[in-house]
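With the sequences and hints as input, model every part of the structure.
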Amino acid sequence: MNVEALDLLATSVFLVNERGHIEYANAAAEDLFGRSRKQLGGHSAATLFDTPENIQSSIDRAAAGRYADVRQLASLRRAAESVEVAVTTVGLTGQRWPVLIETREIEQRVLADRNHRLVDEIEAHRELLRNLAHEVKNPLGGLRGAAQLLEAELPSAALAEYTQVIISEADRLQALVDRLSGPQRVPLNARPVNIHEICERVCALIQAEFRNDVTILRDYDASVPDLKGDAARLMQAVLNVARNAAQELVARPDGPKTEPGVVTLRTRVARQVMLAHRQHRLALVLSIIDNGPGVPDHIRDRIFHPLVTARAGGTGLGLSLAQDFVQQHGGIIEFESRPGRTEFRLVLPMEPAH
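Numbering (my numbering), first residue to last: 7 to 360.
Just so you know, these hints were derived from the structure itself, not from any lab. Among the clues, some could well be false.
Unchecked claim - Computed spacing ranges between beta-carbons, pair by pair:
no., residue 1, residue 2, range
1, Arg274, Arg317, 26 to 36 Å
2, Asp232, Gln101, 35 to 45 Å
3, Leu15, Glu175, 53 to 63 Å
4, Leu155, Asp184, 20 to 30 Å
5, Arg274, Gln154, 51 to 61 Å
6, Asn144, Gly40, 50 to 60 Å
In this text the structure is predicted, and so the values were computed from the model without any measurement. Cβ atoms here follow ideal geometry from the backbone N, Cα and C, with glycine treated the same way.
As structure tokens, this is what we get:
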């Protein structure tokens, strides 16, 4: 068996001996279990799951050749969270290791399908808004021009104040229409980008804007290589998500001083990531985590849609634009939220799909 080929798989694979001890773990197993290959080596595979007796029993049966293929559901503990998985134990004949264990997150395919639907849905809303903005733009320009002509004909400066209100409001609506039209579809200025340099610039901006109301923490993986992308658009995407997190902390009902508001920027490399039904060997995962109240239930399914916001005074465009910029790079923004912890993950491919 060519064990190096197992690193190309998107699912976790262990090769274990007849006692059930791990002799080999592929790259996906390192990601799933949150341990290095060296840490997993020699470890009892069964004890990594919540039902070690069932897993060990299937290993024993497979090693004895009584069952060639055993499938069961289980869960494992990873970073203080429980992960539901499907475990397949396969007996191998004529191989150096008698048993292969495949572990797959049950939500992996569901998440990939959900992300694909999300991309299509968001694009449909953007197209609707672009068409609406186009229809509004021309009459808005005419309204502003008419107000300017009227101002020139008015006999007193006091009356001109009213036309100035019309002109300023027309300008405000014009700016909103331009934003609704979405980012210009110009080619990416793709160059090698150091994501940590972008994160540091974002941290500096957030700290300057929110000062003592928000604490910024960093959790960087120094081994993350440069990725090819448009630095300006990636910078704007990260800034929009981080600023949204900070704004939610400051606006929360208990106020930022009751419990210190914390925003954490974390970088990791993920292997064998599915993005838009395309498999990528390596992907950057930039997590922006806050300890705020969480995303309200009534906007969870629409949070990346334009004009959707739960914050008074919010435009509902920041996250929508961030999602668009990340999608232009072939990636996706995902999120998980509960009271006290919200995590937005910017997932970006680091090399072409295969």
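So, going through the hints one by one against the coordinates:
1. Range check, Arg274 to Arg317: about 29 Å between beta-carbon atoms, so the 26 to 36 Å window is met.
2. At roughly 39 Å, the beta-carbon separation of Asp232 and Gln101 lies within the given 35 to 45 Å, and the hint holds.
3. Distance hint for Leu15 and Glu175: a CB-CB separation of about 58 Å, consistent with the stated range 53 to 63 Å.
4. Range check, Leu155 to Asp184: Cβ separation about 23 Å, and the 20 to 30 Å hint holds.
5. Checked against the hint of 51 to 61 Å, the pair Arg274 and Gln154 passes, with Cβ atoms roughly 55 Å apart.
6. The hinted window of 50 to 60 Å between Asn144 and Gly40 holds, with their beta carbons roughly 56 Å apart.
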